Amino acid sequence: MDHLPQIIASACPDSKIASKLKIKRKKATQLIKILIGPSNKDELILDLKENYFSIILDETTDISTSKCLAVIARYYKNNKILDRFFILVEIENSTANGLFQAIKGMLTKYNIPFKHVIGFGADTCSVMMGNKNGLKVLFEDLNPNIITNGCTCHSFHLCSSYACEKLPRSIEQFSRDIYNYFSNSSKRCMELKECEVFANERPHAMLCPSQTRWLSLQSVINRILEHWASLELFFTRAAIEDNISSAQNILSALHNPVYKLYFYFLSYVLDIMNRLNLEFQSEIPKVHVLLKRVTTLYKLILKSFIKGPYLQVIDIGKVTITDPEKYLSLENIYCGPKADIFIKQSNMDSADVKNFHLRVLEFYVELCKQIKKRFNFGEAILKFASYFDPTVIFSSEITSISEADNIFPFLNIDLQELDLEYRILGETEELKKYAVDGDVTEFWANVECMKNSLNEKIFPNIMVVAKCIMSLPHSSAAAKRIFSQLNLIKTKTRNKLLVPTCESLLHAKDMLRVQNKKCYEWVPTSKITTYNKTFIDETAVFEDDILFETKT
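Numbering (the UniProt record's numbering), first residue to last: 1 to 552.
Derived by calculation from the structure, the hints in this document are not laboratory data. Note that the coordinates shown come from a computational prediction; the quantities given were computed from them, not determined experimentally. Be a bit skeptical, because a hint or two may be false.
Simulated DEER-style distance windows between Cβ atoms [what the hints assert, rightly or not]: (1) Val137 <-> Gln173: 18 to 24 Å; (2) Val313 <-> Arg275: 51 to 57 Å; (3) Lys49 <-> Leu420: 27 to 33 Å; (4) Asn355 <-> Glu90: 50 to 56 Å; (5) Pro337 <-> Lys49: 29 to 35 Å.
List time: in silico BS3-like cross-link candidates among lysine-lysine, alpha-carbon distance up to 25 Å [stated by the list, open to error]: (6) Lys26 <-> Lys509; (7) Lys517 <-> Lys480; (8) Lys451 <-> Lys77; (9) Lys41 <-> Lys480; (10) Lys16 <-> Lys41; (11) Lys509 <-> Lys480; (12) Lys326 <-> Lys303; (13) Lys383 <-> Lys80; (14) Lys80 <-> Lys33; (15) Lys383 <-> Lys372; (16) Lys527 <-> Lys49; (17) Lys527 <-> Lys509; (18) Lys467 <-> Lys80; (19) Lys354 <-> Lys303; (20) Lys67 <-> Lys80; (21) Lys457 <-> Lys433.
All residues carry an ideal CB built from backbone N, CA and C; glycine is no exception.
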């Protein structure tokens, strides 16, 4: 902003308006903080006063070591679900009570009824989701009807992380050693690229495993498997010419078939976990399929090491996973197609193969233990939410949704009318195409628009419940996206930005995202335009490099 007005003036020398443009970074900051950001926030506050919504929380420490809490509001409006950035607040007390007081004070400040908060989503750390002193308990004390849900993505990351402890630590360390060998040497990277071209492979850089997101290991493993031949060429030459012990150790691992076997297994099993993880990072409502997806994944894992007859039960969550008599024989444990083929085609030592199968069995058992620990297959709200899956509605399997009175007692809906509408909905042929081809928000948007010959809505009661279901969080990915944006705003070269300025910038980005417009397409509201004239008139007498005050 220090240069932009001069650029515009020089580009348009015949424009009197351009020549009179007087604004630099400090005035621009005030415009963002006083006009643009608050206008988006005011609009959101009005929506939250009129609609039921869920809050999604996450906290992080930015580059200036300020600990910030991001609050996202999730609600239904204009036939779609919106994840709106609400507030970014600097936290001094990061305990459950400190976070609770900050959120409660925020809602009180803007006169938002806490009874409108029907859902709470966050990661599964003890501060957020602890059953004794967590933020979840404090929310439930204030609003007994609130529905809490730990982040599905975070939960499955932790499940995989605990399960990986049953595998040899040298497997993950091997992938880190390869990355570290190339990370600080452009010469080695160029030599690797030559080996990749010689091996008829598309050149790629080696990837670094994340310290905090264990599921990211899949992409690292797949990259190493893709370039296994070129890596063998490179480290064969490096071990001879450079005579470095680290290169010799990596070459020894590359020649050891056990490492490749574990990589094939991890490539298979992590792909299963990542597919679910990626699905539930979506902004589209997914709570209605959460129970179905997790049950399917859990059963798929059980089938890899449990005998078939023991899986023929109604409640898959009641299958005993610690009884060795129910396990498949070691040679029949499923480790993925590539791992099974590799075992058959290689001349591996039988002891190594047996030890591999034992480790895989321990991995599966621990993974199932962690999933059962973190996911309740009998959760009433998840079962009820599954009734609002369009495929379930048209299957006619469910004849009554009277549980709505227990799940959402504050709605005060006529249950007889609700059940009748649900039955009629399952027989409405013109909506079936949206159940198959469209996403769930498109389906319910068409349901809400349907009217009878008297121009009355056909499904008013069921839409009230459906809006609440779709407003429930299935993960905390929306809050993490805010921190990704914050990291792009507050960088090393802009580390003095204050939290209120960052919040206003995030509101400006959120406004453009919701309106689906580019910055140059944005049209200010009449409220902003009116106030902006007063704002400019009052501040025009000040120099651009002097911090000024304005009326609030």
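Checked hints:
no.	hint	verdict
1	Val137 <-> Gln173: 18 to 24 Å	violated, 39 Å
2	Val313 <-> Arg275: 51 to 57 Å	violated, 25 Å
3	Lys49 <-> Leu420: 27 to 33 Å	holds, 31 Å
4	Asn355 <-> Glu90: 50 to 56 Å	holds, 51 Å
5	Pro337 <-> Lys49: 29 to 35 Å	violated, 55 Å
6	Lys26 <-> Lys509	holds, 19 Å
7	Lys517 <-> Lys480	holds, 22 Å
8	Lys451 <-> Lys77	holds, 19 Å
9	Lys41 <-> Lys480	holds, 19 Å
10	Lys16 <-> Lys41	violated, 34 Å
11	Lys509 <-> Lys480	holds, 15 Å
12	Lys326 <-> Lys303	holds, 11 Å
13	Lys383 <-> Lys80	holds, 23 Å
14	Lys80 <-> Lys33	violated, 28 Å
15	Lys383 <-> Lys372	holds, 16 Å
16	Lys527 <-> Lys49	holds, 20 Å
17	Lys527 <-> Lys509	holds, 19 Å
18	Lys467 <-> Lys80	holds, 9 Å
19	Lys354 <-> Lys303	holds, 19 Å
20	Lys67 <-> Lys80	violated, 32 Å
21	Lys457 <-> Lys433	holds, 20 Å
When the structure is compared with the earlier hints, violations turn up for hints 1, 2, 5, 10, 14, 20 and for no others.
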